[in-house]
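Trainee: The residues making up each chain are set out below.
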Amino acid sequence: MAIAASKFESLELRNVGRSFGGANALVDLNLTVRAGEFIALLGPSGCGKSTALNCLAGLLPLTHGEIRIDGERVDTVAAERRGFGMVFQNYALFPHLTVEKNIAFGLQMRSVAKPEIKRRVAEALALVKLEQHAKKLPGQLSGGQQQRVAIARAVVLEPRLVLMDEPLSNLDAKLRLEMRTEIRRLHQSLGLTTIYVTHDQEEALSMADRLVVLREGRVQQVGTPEELHNAPVNWHVADFMGYRNLIDLEVTAVNGDAVVVEGRGLTLRGTAVERATVGDTVRVAIRPEDLVVVSPSVPVRGGNSTTATVSVVEYHGREFAVGVITPGGQALHVRSDFPPAIGTAVELTASPERVRAYPAELVDPSTLSVEERELEEVRR
Amino acid sequence: MSAPAVGRGKRAQTTRSTASLRHRLAERGVDKSLLMLVPAIIFAIALFVYPFSYGVGLTFQPSLATQDQWGAGIWSNYVAFFRDPFVFDSIYLTMRLALPVALFNVLVSIPVAFKLRHRFRGKKALTILLVLPITLGTVLTAQGMLIFAGRQGWLNRFLVSTGLVDEPLTLVNNYWGVLFSLIISGFPFAFLLISSYLSGIDPSIEAAAKTMGADWKQRFRRIILPLLAPGLATTFILTFVLAFSVFPSARLVGDASGETRVMALMAYRSFGELNDYPMASTIAVMMGLVELVVIALVLLWRASMFKGSTGGKG
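Line order of the protein sequences matches chains A and B.
If you read the first sequence in the numbering used here, its first letter stands for residue 1, the second for the next number, and so on.
If you read the second sequence in the numbering used here, its first letter stands for residue 381, the second for the next number, and so on.
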């Protein structure tokens with residue numbers, strides 16, 4: 001393959017921050033990206049992930065910190081000279097240029113020789129399988145095809161870094177799955193270094209080598225998909241990673257990090273993420289997939305058992321998504337391998353290590369300023 | 381239950397529609413709601429179609445004086461228009477005003493609209509200042525210019541007293557006076573139109589060009605200009621037509637019998653001073669034709685702009 005990524009060793013973001021008229025959109029982003037990595041910036045809307053991407057691309061100037069590639073500062077270089085490729089959420093194709101000319105645009109700007117342009121455009125078109133659409137205008141293509149043009153346009157320049165801003169959010173569910181695989185394939189075959197912004201945790205988990213979870217402009221957690229999936233550091237991340245059951249319960253027994261939590265008609269054995277003492281209120285996070293209805297084929301796990309009444313049953317193909325209500329009136333999302341009758345009582349179980357107890361108040365000292373930290377200590 | 385219905389539907393498609401005539405007409409957009417257009421049609425006929433055709437008819441009924449001088453029967457008015465340099469030169473005199481004004485308004489609006497696309501301190505105040513002249517009538521503008529830029533106006537007094545010029549500049553009652561007045565009243569239109577066309581271009585398209593390595597000149601020439609071309613053409617046409625039909629300022633701040641003897645003035649002269657309605661109508665019709673020629677040329681340019689960028693050579 002002739003199209004290949006330009007090489008560098010590492011991209012370093014140091015204390016990168018951006019504020020808009022006093023409001024912080026991004027605070028102290030520290031991240032080291034190795035060449036060839038696929039990094040996903042993940043978070044709900046307004047968390048600063050797109051700001052981070054625009055800062056990297058040079059479309060927004062930084063207000064704090066610096067960005068270095070192999071020790072050389074790039075945040076002071078103009079966007080048009082950074083040599084990054086960017087794929088926009090709305091594709092941002094040039095509506096008056098054909099597919100072919102859209103892809104050739106960047107090469108023309110770099111004064112590449114004409115035969116070379118022709119060869120590389122043809123290769124890029126083949127890469128995204130759009131050869132027969134070369135002469136069409138973007139308006140004549142479907143959403144998925146436009147997306148592929150946008151990707152081809154970015155990779156044909158053999159960029160050091162490819163930035164993608166929610167590239168799949170405007171596509172329908174089926175196409176999104178296809179394009180996911182396509183992007184991952186291109187990433188691997190071209191050896192691209194990619195930074196990918198998304199609000200879809202499933203997308204991030206399935207594509208990225210490492211995930212950066214952002215909330216309100218601050219990094220919450222950086223880790224591999226497994227780490228984030230299995231061990232979110234706080235309940236905000238847990239909430240975002242699909243721990244749909246978030247319940248405030250009281251700790252009634254502690255043994256190391258094993259705890260027993262009670263309340264709202266529930267008694268569960270769980271794992272404390274941070275030190276907890278008897279009497280503390282904790283926020284318990286459990287994935288629906290981990291909280292299951294006991295049946296002949298699903299035994300009680302780790303002595304964890306509690307009962308609840310079935311209120312909603314949804315068919316999900318291989319299993320059933322069930323909504324239950326505890327005797328204390330708490331609604332829970334659980335899974336079952338059989339369809340329980342609505343109104344009946346069922347026994348629920350979850351292995352204790354999958355019942356994660358977080359401090360209810362999210363206070364991460366590293367995110368606080370000095371004054372806030374002092375205030376927090378006085379309150380205690 | 382649905383099976384027979386489907387069968388009937390199919391037959392109806394292949395043979396004849398079983399729907400009523402009223403229904404079939406309605407499908408083609410012919411129904412009672414068309415009656416709502418009646419008032420509009422009456423107004424259009426009474427206020428435009430009839431006077432316009434009457435005016436065109438008049439041009440073929442030249443006055444005896446015109447016929448005596450130029451001959452050519454019913455074409456006498458047109459012959460007079462092209463042969464009489466006093467009348468014919470007014471095309472050039474009007475063009476000399478309208479073309480530079482339209483060009484200036486469009487070209488200067490582009491950078492201003494560009495700058496005002498971004499947020500900055502005082503943006504609102506500046507926008508208001510740029511648009512405000514729209515509220516001034518031509519007469520008010522002319523009055524102001526006479527006071528401000530006349531030989532005894534503030535501007536000249538200032539320039540002379542500071543020693544920047546030895547003699548007061550002649551800025552009104554000539555070509556320049558009309559030019560300035562047309563720019564003052566035409567610029568807000570051009571600026572507002574171009575701003576709205578510019579805001580219709582997704583800023584991420586420009587951002588994309590930026591990340592692909594295009595500097596601002598390349599972005600403007602290759603991306604913004606082709607996308608803005610239809611808007612520029614429309615704006616040019618509008619400000620051109622506005623300037624071409626100039627009348628009050630040509631009289632008030634111009635030199636009505638000399639270098640700003642524009643077509644509208646000539647038509648007025650025929651109608652108001654010479655009582656020659658047919659000749660006045662002829663000049664009005666020729667005014668419209670000249671404007672149409674310019675509009676056609678601009679639209680041709682616009683089409684070529686788009687063909688050039690979308691049609692493939694390679």
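Hints are computed from structural coordinates only; laboratory data are not their basis.
It should be emphasised that the depicted structure is a prediction, and the values quoted were computed from it without experimental measurement.
A portion of the hints provided could be inaccurate.
The calculated lysine-lysine pairs, modelled on DSSO-like cross-linking and capped at a C-alpha distance of 27 angstroms, are [stated by the list, open to error]: (1) B/K597 - A/K135; (2) A/K118 - B/K597; (3) A/K101 - B/K412.
Here chain A is said to cover these stretches of chain B; the calculated rule only asks that three of the stretch's residues, wherever they fall, bring their Cβ under 8 angstroms from a Cβ of chain A [what the hints assert, rightly or not]: (4) 476 to 484; (5) 503 to 510; (6) 633 to 647.
All C-beta atoms, glycine included, are put in the ideal place defined by N, C-alpha and C.
Trainee: It remains to establish, for every hint, whether it holds in the given structure.
Mentor: Outcome of the hint check:
For the given pair, B/K597 sits about 26 angstroms from A/K135 by alpha-carbon distance, which is consistent with the 27 angstroms threshold. Under the criterion of a C-alpha separation no larger than 27 angstroms, the hint pairing A/K118 with B/K597 is consistent with the structure, at around 24 angstroms. Of the pairs offered as hints, the one joining A/K101 and B/K412 is violated, with about 50 angstroms between alpha carbons and a cut-off of 27 angstroms exceeded. Residues of the region 476 to 484 of chain B with a Cβ under 8 angstroms from some Cβ of chain A number 0, which does not satisfy the need for three, so the listed coverage is violated.
Given a C-beta distance limit of less than 8 angstroms, the hint that chain A covers the region 503 to 510 of chain B is violated, as 0 residues qualify and 3 are needed. Proximity of the region 633 to 647 of chain B to chain A, defined as three or more residues with a beta carbon under 8 angstroms from a beta carbon of that chain, is not established by the 0 residues found.
Hint compliance for this structure: hints 3, 4, 5, 6 are not met, and every other hint is.
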